[in-house]
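Undergrad: Build the full structure now, drawing on both the sequences and the hints.
Here is how the chains run, residue by residue.
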Amino acid sequence: MTRDPGLSTRSSQHERAREARAREAAEPSQFFCAERKASGARAAFSRAAAQRSPSRGSEQRARKAVGSVADESRERAQKTGRVRSRSGTLVYSGGADIYVAHPDTTWFAVFGRGFLFGLPVPVLLFAALAVALGVLLHMTAFGRKIFAIGGNETAAAFSGIDTRKTVALAYLIGGLTTSVAALIIASRVMGAQANTGDGYELDVISAVILGGTSFLGGSGTMAGTVVGVVLLAFMQNGLLLLGLPYYIQWIITWGVIISAVWVEMAAKRKRILL
Amino acid sequence: MKATGNAEIPAAGILNSLTGNARRLALTALGNPIWLSLFAAICFFAALSPHFLSWFNIGNILLQASFLGFLAIGLTLVIISGHIDLSIGSLVGLCAGLSVVLQGELGLPLAVLAALGAGVLSGLVNGFFVERLGVNSLIVTLAAMIGLKGLTFAVVGESSIIAQSAFFTWIGSLRLGSIHLIAVVFFALLIAAHWVLSNTRHGREAYAIGGNRNAAVNAGIRVRRHVMVNFVVSGFLAALCGIAIAANMGAAVPTYGQGYEGWAIAAVALGGTRLTGGAGNVINSLAGVLLLAVLRNGLNLIHLSAHYVLVAIGLALLIALILDKRSGAGKTLPAFFLFNKNRRG
Numbered sequence: 000m001t002r003d004p005g006l007s008t009r010s011s012q013h014e015r016a017r018e019a020r021a022r023e024a025a026e027p028s029q030f031f032c033a034e035r036k037a038s039g040a041r042a043a044f045s046r047a048a049a050q051r052s053p054s055r056g057s058e059q060r061a062r063k064a065v066g067s068v069a070d071e072s073r074e075r076a077q078k079t080g081r082v083r084s085r086s087g088t089l090v091y092s093g094g095a096d097i098y099v100a101h102p103d104t105t106w107f108a109v110f111g112r113g114f115l116f117g118l119p120v121p122v123l124l125f126a127a128l129a130v131a132l133g134v135l136l137h138m139t140a141f142g143r144k145i146f147a148i149g150g151n152e153t154a155a156a157f158s159g160i161d162t163r164k165t166v167a168l169a170y171l172i173g174g175l176t177t178s179v180a181a182l183i184i185a186s187r188v189m190g191a192q193a194n195t196g197d198g199y200e201l202d203v204i205s206a207v208i209l210g211g212t213s214f215l216g217g218s219g220t221m222a223g224t225v226v227g228v229v230l231l232a233f234m235q236n237g238l239l240l241l242g243l244p245y246y247i248q249w250i251i252t253w254g255v256i257i258s259a260v261w262v263e264m265a266a267k268r269k270r271i272l273l
Numbered sequence: 000m001k002a003t004g005n006a007e008i009p010a011a012g013i014l015n016s017l018t019g020n021a022r023r024l025a026l027t028a029l030g031n032p033i034w035l036s037l038f039a040a041i042c043f044f045a046a047l048s049p050h051f052l053s054w055f056n057i058g059n060i061l062l063q064a065s066f067l068g069f070l071a072i073g074l075t076l077v078i079i080s081g082h083i084d085l086s087i088g089s090l091v092g093l094c095a096g097l098s099v100v101l102q103g104e105l106g107l108p109l110a111v112l113a114a115l116g117a118g119v120l121s122g123l124v125n126g127f128f129v130e131r132l133g134v135n136s137l138i139v140t141l142a143a144m145i146g147l148k149g150l151t152f153a154v155v156g157e158s159s160i161i162a163q164s165a166f167f168t169w170i171g172s173l174r175l176g177s178i179h180l181i182a183v184v185f186f187a188l189l190i191a192a193h194w195v196l197s198n199t200r201h202g203r204e205a206y207a208i209g210g211n212r213n214a215a216v217n218a219g220i221r222v223r224r225h226v227m228v229n230f231v232v233s234g235f236l237a238a239l240c241g242i243a244i245a246a247n248m249g250a251a252v253p254t255y256g257q258g259y260e261g262w263a264i265a266a267v268a269l270g271g272t273r274l275t276g277g278a279g280n281v282i283n284s285l286a287g288v289l290l291l292a293v294l295r296n297g298l299n300l301i302h303l304s305a306h307y308v309l310v311a312i313g314l315a316l317l318i319a320l321i322l323d324k325r326s327g328a329g330k331t332l333p334a335f336f337l338f339n340k341n342r343r344g
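Chains C and W, in that order, are what the protein sequence lines are. Going by numbering that gives the first Met the number 0, the final residue of the first sequence carries number 273, and the count climbs one at a time with no gaps. Going by numbering that gives the first Met the number 0, the final residue of the second sequence carries number 344, and the count climbs one at a time with no gaps.
Treat the hints as calculated values from the structure; they're not laboratory data. Mixed in with the good hints there might be a few duds.
[Stated by the list, open to error] Quick look at which bits of chain W chain C covers, simulated, 3 or more residues with Cβ under 8 Å:
no., stretch
1, 120-133
2, 138-144
[To be verified] Within a straight-line C-alpha distance of at most 25 Å, the following computed SDA-like cross-link-like pairs (lysine to any residue) qualify:
no., chain 1, residue 1, chain 2, residue 2
3, C, K164, W, V216
4, C, K269, W, L320
5, C, K269, W, L317
6, C, K269, W, R223
7, C, K269, W, A214
8, C, K267, W, R131
9, C, K267, W, N217
10, C, K164, W, F127
11, C, K164, W, N217
12, C, K269, C, F146
13, C, K267, W, L317
14, C, K269, W, F127
15, C, K269, C, Y245
16, C, K269, W, L300
17, C, K269, W, N213
18, C, K267, W, L320
19, C, K269, W, V216
20, C, K269, C, V255
Positions of the beta carbon are idealized from the N, C-alpha and C atoms, including for glycine.
TA: Here it is in C-alpha cells:
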C-alpha cells in the first residue's frame with residue numbers, strides 16, 4: 000500500500016506524530032496493532048506447539064531436564080511480551096487516537112466494511128485463513144512437526160526436527176494472523192486507538208481452549224478452533240440480546256472455560272476429580 | 000533448591016563477620032543482581048533529579064511499591080510452589096469495590112471483613128479448581144481474571160464510588176513520619192512471609208513441590224494442602240491490596256487493579272524467582288517491586304513521557320530474563336553474555 004493523502008487527524012500538532020501516522024497508513028498492521036485480536040488460528044498454532052503452557056506434567060518433566068533454561072525464558076518472554084508490545088504501541092502512536100479523515104477517498108474500508116458475494120469481507124478473510132492454515136496444520140509436514148513438538152519437544156528434536164525454526168515459524172504465522180485481524184479492525188473503525196485489542200488475548204485463548212486444543216500442546220484442530228470462536232461470539236451476542244449487562248458474559252465465560260477444560264481432563268483421565 | 004547466592008563474593012570479609020540469619024539474608028541479597036540494579040537506578044535518579052531523594056518522595060515510592068508488593072508476596076509463594084495466579088489483578092478491583100460499597104450497608108469492619116473474605120474465597124476456589132479438578136493453574140486463574148472482572152462491574156457498577164467512612168480514608172492516607180502506614184504493613188507482611196518461607200515446614204515443602212512435584216508427592220508431602228494455602232494467601236493479599244488502594248484513594252473504581260498481575264509477575268521475575276517454581280524468595284521480589292516503583296517514579300521525575308516508562312520497564316524485564324537464563328544454567332557472571340549455541344529449546 001502506498002501513502003494515503005487522505006490521512007490526517009483531529010489533533011495534529013507534532014511533525015513526528017504526523018510522520019508516524021503516514022507510516023501507519025503505509026503499514027497499518029505491523030506497528031500500532033501489536034496486541035490486536037489474533038484470529039483463532041494464531042493461538043491454535045502456538046498452543047499446538049506448547050508455547051503457552053508452563054512445563055508441568057510428567058512428560059514435560061523429562062523435557063525440563065534437557066531444556067529447562069530455554070523453556071523458562073521463553074515462558075517469561077511471553078509474559079513480558081505483553082508489556083513490551085503495549086509500550087511499543089504507545090510510543091509509536093504517541094498515545095493519541097488516529098483517524099482517517101476522509102474515508103471516502105480511500106478504499107481501505109473494504110477490509111472491514113466490504114461485502115463480497117453477499118458476505119462480509121472479514122468473514123471471508125477468516126474463512127480463507129482458517130482453511131489455508133487448517134490445511135497447513137493438518138496436511139503438511141510443517142503441521143505434523145508442530146504437533147510433534149507440542150507432544151514432546153525433546154523427542155521431536157531427536158527425530159531430526161529443527162524445533163527452533165518450526166516454533167519461530169509458528170510465531171511468525173501468529174504475527175501474520177494478528178496483523179490481518181488488526182487490518183480488519185482498523186478498517187472497520189477507519190482509525191486506531193493505542194489500546195485497541197487490550198484483553199483480546201483472553202477471548203482468543205478462551206476460544207481456542209473451547210475448541211478442544213490441549214493447553215499442554217500436541218493436540219487440537221483448526222475446525223475446533225473455528226467452532227470455539229463462533230461459539231464464543233454467539234454466546235456473547237446472545238447474552239446481550241437477552242438484555243443482560245455486558246459484564247455478565249465475563250462471569251459466564253469464567254464458568255465455560257473451566258468446565259470445558261475440566262471435561263476434557265476428566266475424559267482423558269477417566270476420573271471426575273484428580 | 001533455594002537460591003541463597005554463592006560464596007565467591009568479594010565482600011566475603013564483611014560477610015564472614017555476620018552470622019546466622021543475617022548472613023543468609025546478606026548472601027541472598029548479594030547473590031542476585033537485582034539489588035545492584037536497584038542501587039544503580041536510585042543513584043541515577045538521585046543524580047538527575049533533586050527531588051528524588053526527598054523524604055516525601057521516598058514515602059511516595061514506598062507507598063506505590065507496597066500496593067504492588069502485596070501482590071508480589073502472594074505471587075512469589077504461588078510461583079515457588081509451581082503455579083501461577085493471574086486473577087490477583089481483578090481481585091484487587093473486586094475487593095476494593097466490596098470494601099467501599101458495603102460500608103454503607105454493613106458498616107466499616109464488616110465491609111473490610113467481607114472484602115478479605117472474598118479474597119480468601121477466590122483463592123480457595125482457584126486452589127480447588129487447580130488441585131481437585133486438575134485444571135492447569137494458568138487456565139484457572141486466567142478464567143478467574145475474566146470472571147472476577149465481571150463480578151467487579153456487577154458490584155461497583157460503572158462509576159466511581161466514594162468511601163463513606165472518614166476513618167477508612169484517614170487510615171489509608173495516614174503517614175508515620177513520611178512513611179505511609181500501608182507501607183509499614185507491607186514490610187511487616189514481607190518479613191512474615193520471608194520467615195514462613197525460610198523457617199517453617201510450609202515454606203520448605205512449597206519449595207519442594209515447585210522443584211519436583213512428583214518427588215514431593217512420593218516424599219509424603221501434602222501437596223494439595225500446601226498449594227491451596229498458597230492460593231488462599233495470594234487471594235488474601237490481593238484483597239488487602241484492594242482495600243489499601245480503596246482506603247488510600249477514598250473511592251472504588253471498577254477498573255482498579257487491571258493489569259496489576261502483569262506488574263506483579265514482572266516484579267517477581269525481576270527478583271529472580273524461577274517462574275517454573277522451586278526457587279526464589281520474597282526478599283528479592285521486594286527488590287523487583289522497588290525497582291519497578293523507582294523506575295516509574297524516577298522516569299516521571301525526569302520528565303520522560305509516560306509511554307517511555309513502559310519501554311524502560313520492558314527493557315529491565317528483558318535484562319532480568321537474560322540474567323535468569325544465566326542463573327538457571329548455574330553459570331558465572333561473565334559467561335551468560337555468551338550465546339550458547341548448543342542449548343536447544
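Undergrad: Decide, hint by hint, whether the structure agrees.
TA: Here's how the hints hold up against the structure:
1. Check result for the stretch 120-133 of chain W against chain C: holds, 5 residues qualifying (beta carbon to beta carbon below 8 Å, three or more required).
2. Under a criterion of three residues with beta carbons nearer than 8 Å to beta carbons of chain C, the stated coverage of the stretch 138-144 of chain W is upheld, 6 such residues being counted.
3. Among the hinted pairs, K164(C) with V216(W) is inconsistent with the structure: their alpha-carbon atoms are about 37 Å apart, more than 25 Å.
4. With a C-alpha separation of about 39 Å, the suggested pair K269(C) and L320(W) falls outside the 25 Å cut-off, and the hint is violated.
5. A C-alpha spacing of about 42 Å is found between K269(C) and L317(W), which places the hinted pair above 25 Å, so the restraint is violated.
6. The straight-line distance between the Cα atoms of K269(C) and R223(W) is roughly 20 Å, inside the 25 Å bound, and the hint therefore holds.
7. For the proposed pair K269(C) and A214(W), the alpha carbon gap of about 24 Å is at most 25 Å, so the pair holds.
8. About 15 Å separates the Cα atoms of K267(C) and R131(W), which keeps this hinted pair within 25 Å; it holds.
9. A hinted pair counts as satisfied when its Cα atoms are at most 25 Å apart, and K267(C) with N217(W) qualifies at roughly 23 Å.
10. Proposed proximity of K164(C) and F127(W) is contradicted: the alpha carbons are some 39 Å apart, above 25 Å.
11. Between K164(C) and N217(W), the direct Cα distance comes to roughly 38 Å. Violation of the 25 Å bound is thereby established for this hinted pair.
12. Between the alpha carbons of K269(C) and F146(C) the distance comes to roughly 24 Å, so the proposed pair stays at or under 25 Å and holds.
13. Between the alpha carbons of K267(C) and L317(W) the distance comes to roughly 38 Å, so the proposed pair goes past 25 Å and is violated.
14. Taking the CA atoms of K269(C) and F127(W), the gap is about 19 Å. The hint holds against a cut of 25 Å.
15. In summary, the hint linking K269(C) to Y245(C) is not supported, as the alpha carbons are separated by about 36 Å, beyond the 25 Å threshold.
16. A threshold of 25 Å between alpha carbons decides the hint, and for K269(C) with L300(W) the separation of about 59 Å lies outside it, so the pair is violated.
17. Of the supplied pair hints, the one linking K269(C) and N213(W) holds, its CA atoms being roughly 20 Å apart against a limit of 25 Å.
18. Restraint check: the Cα-Cα separation between K267(C) and L320(W) comes to about 35 Å, which exceeds 25 Å; the hinted pair is violated.
19. For the given pair, K269(C) sits about 21 Å from V216(W) by alpha-carbon distance, which is consistent with the 25 Å threshold.
20. Taken as a hint, the K269(C) and V255(C) pair is honoured in the structure, with Cα atoms around 20 Å apart against an allowance of 25 Å.
Against the hints set out earlier in the document, violations occur for numbers 3, 4, 5, 10, 11, 13, 15, 16, 18.
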